[in-house]
Amino acid sequence: MRMPRSLILGSLLTMVFAGGALLSFIWTPYDIETLAIPQRLQTPTGAHWLGTDQLGRDIVSMIMMGARTSIAVALLAVGIGICLGVPLGLVAAARRGSMLDEVIMRGNDLIFAFPSLVIAILITAVFGAGATNAIIAIGIFNIPVFARVTRGAALSFWSRDFILAARVAGKSPARISVEHILPNIANLLIVQSTIQFSLGILAEAALSYIGLGAQPPTASWGRMLADAQTLASIAPHVALVPGLAIVFTVLGLNLMGDGLRDLLDPRIRVART
Amino acid sequence: MSLLRISNLSLSIAQIPILHEVSLEIAPGEIVAITGESGSGKSMTALATIGLQPEGAKVEGRIELDGTDLLTLTEPQMCSVRGARIGMVFQEPMTALNPVQTIGAQVAETILQHEAVSRTEALDRARAMLNRVGLPAARFPLSRYPHQLSGGQRQRVVIAMAIALRPHLLIADEPTTALDVTTQARILDLLKDLTRDFGMGLMMITHDLAVVAGMADRIAVMQNGRIVEAGPTAQLFSAMRHPYTRALFEASTHEVDLPPAPPPEPLLVVRNVVRTYRQPRTRLFGARPEVHAVDDVSFTLHHGERLGLVGESGCGKSTLTRAILGLEPVQSGTITVDGAPVWTGLRPNFEVRRKMQVVFQDPYSSFNPRHRVERLVAEPFNLLPDPPRGAAREARVAEALVAVGLKASDASRYIHEFSGGQRQRIAIARALINDPTMIVFDEAVSALDVSVRAQCLDLIADLCRRRPLSYLFISHDLSVVRSITDRVMVMQAGAIVEQGPTQQVFSNPQHPYTEALLAAAPKLPDMKKASHGT
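Order-wise, the sequence lines are chains A and B. Sequential numbering from 1 applies to the first sequence in the numbering used here. Sequential numbering from 1 applies to the second sequence in the numbering used here.
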């Protein structure tokens with residue numbers, strides 16, 4: 001089968017940033033904790049491929065370290081969403097129409113009703129700024145997304161005959177959910193995860209932009225952007241680079257999500273062949 | 001002069017030939033039926049005629065309508081032919097109508113698409129067409145939406161759309177397959193009348209020989225993309241020159257020999273069972289209306305007995321099945337198997353459920369596509385307190401597969417590698433693996449081609465000879481129930497209106513509803529009588 005073009009391009013973009021983040025664990029061109037004020041605001045040169053920022057730190061190194069923060073925060077936030085949202089969705093689907101289903105889904109609606117970023121700001125403002133609180137704040141808003149996707153997809157399977165056959169075989173709703181439903185909706189959840197992942201990166205950037213994300217000296221794309229904006233007229237590249245990093249990562253993840261959906265969704269696959 | 005003349009039509013998709021040299025003629029006012037099993041190319045012939053073959057299909061030959069070769073027309077020219085000169089009726093009335101448009105708007109749209117008339121005039125003509133297909137203005141105003149109509153009524157709207165511009169040719173692709181038998185009879189009558197009145201040619205595509213036997217002037221039998229036999233209906237049935245025609249006919253009238261049932265000893269006892277559903281409220285603070293899906297039903301299935309349950313859609317047979325299998329509790333009444341209730345307190349009784357298994361209708365949705373056959377067939381082991389493991393488990397799965405005519409090695413394959421008939425065998429293997437005392441066949445052969453259906457019925461009869469098997473055979477199709485059951489029950493609107501020995505009920509129905517069902521069922525001509533007649 002042919003790979004969708006969007007999947008190839010998206011995976012490449014994602015891999016560039018994920019690779020950079022991984023590489024930063026063992027090597028970065030410069031140490032980002034050493035300040036070199038004399039070399040500040042340099043334009044790209046052979047020594048500093050993307051130049052230096054207002055404190056003379058190498059921007060390539062900063063982007064690599066920032067990718068680490070972004071990916072870690074987004075990954076953990078998606079993890080929270082999956083670990084809590086998917087079981088909630090499965091339970092709601094298994095007990096569809098019951099009081100429990102109502103409670104879960106109306107709880108979801110409640111979270112959905114608040115603008116996510118505003119609540120994330122509230123949470124970080126109350127419990128203190130920092131990467132951990134950012135993860136929790138973003139993670140909470142992933143729960144209803146996964147719960148809803150899971151419930152909707154699971155419901156369409158609960159009406160199928162093979163589920164009825166499993167019930168006749170005496171399997172409990174919990175076992176049916178894990179054995180029969182989950183593997184059949186896994187592709188949908190994978191696609192949703194990549195999309196939530198890109199949203200998580202955006203949210204992390206937004207939180208650190210207003211100073212509520214990871215705190216210095218941890219590098220973060222959002223704060224790089226915030227720090228550079230006042231210098232935009234003198235050294236535009238300092239603001240441009242983290243901005244482009246955010247754009248390309250989010251674009252890559254979205255393309256990958258689209259491509260994965262094309263690849264994994266049997267309905268689309270049938271339509272194409 | 002013929003209205004439609006298809007000559008040497010061949011069609012292939014990606015080098016795979018689908019149709020070979022199909023030739024067919026339809027005269028004005030004539031009904032020509034194309035029949036055959038799934039994959040025979042009958043629907044593809046219809047689609048090619050209206051120019052809707054799948055993209056990339058290579059078509060050769062000639063399709064002449066009123067003397068013009070449709071294959072030489074460009075797509076815009078074909079668009080003006082479709083709807084205006086050729087109308088089409090599809091199988092599934094539930095999806096053929098747009099749910100957010102009124103029926104008036106949908107019929108009028110066909111007219112506005114092809115003729116420069118005012119909207120008012122189009123609506124007037126739509127009204128006249130709906131009247132003609134049996135949807136009078138008093139009960140069916142143009143402002144009705146599809147969801148407010150029954151399946152048969154929707155199919156009438158679809159027909160009204162197809163004939164709104166009085167096309168010369170009407171193509172009906174399995175127009176009654178999704179409908180109940182009494183509704184089917186009325187729709188077939190309507191199609192027959194319209195063909196005569198309008199002088200249209202009707203190309204009728206169906207898998208059911210009995211349906212066309214009563215209405216077609218000529219029949220073409222297709223197999224593997226070829227017309228293997230064609231001729232005037234009476235002549236075709238009396239001659240049956242081609243072995244495939246004979247095979248098809250024999251499969252349609254297939255009867256199995258059941259071994260005699262043992263002396264009655266109650267196995268499943270259903271007493272005064274009531275199951276009601278509460279519907280959503282229609283007004284904000286109104287009471288929720290209740291529907292009696294199963295209304296005071298009582299019957300007994302004896303050990304070794306084969307019991308049939310017949311009824312049209314919505315009569316409550318599925319609800320009753322779920323109650324018997326212990327999947328849902330009932331409001332009142334009792335269901336016991338060998339004296340033990342299927343539902344104790346708030347939980348289903350596993351002791352009892354172990355004795356029952358079920359085979360569902362749709363071979364395509366009754367298996368988890370991500371599991372291997374071995375795991376699918378072994379699923380009921382879950383009911384056993386000490387399920388077999390390892391080699392013992394493999395042996396049991398192999399035994400069950402062999403019992404239904406498959407190979408033990410099939411256990412390691414995935415379900416999509418099997419045909420519909422094979423899947424239904426796997427479903428039966430799954431039902432047999434625990435050696436249940438009783439099996440529920442829920443429309444188990446309804447979705448199968450006639451020849452595959454005949455094989456499945458043979459398999460069931462064969463299993464009855466080899467092991468003590470009691471079953472409840474649920475079907476909307478009277479002809480199937482006739483030979484595969486000892487006793488039959490007829491269900492209408494949640495109640496059992498008649499029950500008795502199968503042959504007796506069929507030959508001497510007591511209840512008017514049973515009579516109506518039997519009268520509406522399409523019949524094949526008696527082959528012996530037909531062949532003596534010529």
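These aren't lab readings, by the way, just hints derived from the structure by calculation. Heads up, some of the hints might be wrong.
Claimed, not checked - Partial list, derived from the structure: chain B residues whose beta carbon lies under 7 Å from chain A: (1) L325; (2) V358; (3) F360; (4) L383; (5) S409; (6) R413.
Backbone N, C-alpha and C fix where the C-beta goes; we use that ideal spot for every residue, glycine too.
Structure-based check of each hint:
no.: 1; hint: L325; result: 6 Å, holds
no.: 2; hint: V358; result: 5 Å, holds
no.: 3; hint: F360; result: 4 Å, holds
no.: 4; hint: L383; result: 4 Å, holds
no.: 5; hint: S409; result: 23 Å, violated
no.: 6; hint: R413; result: 16 Å, violated
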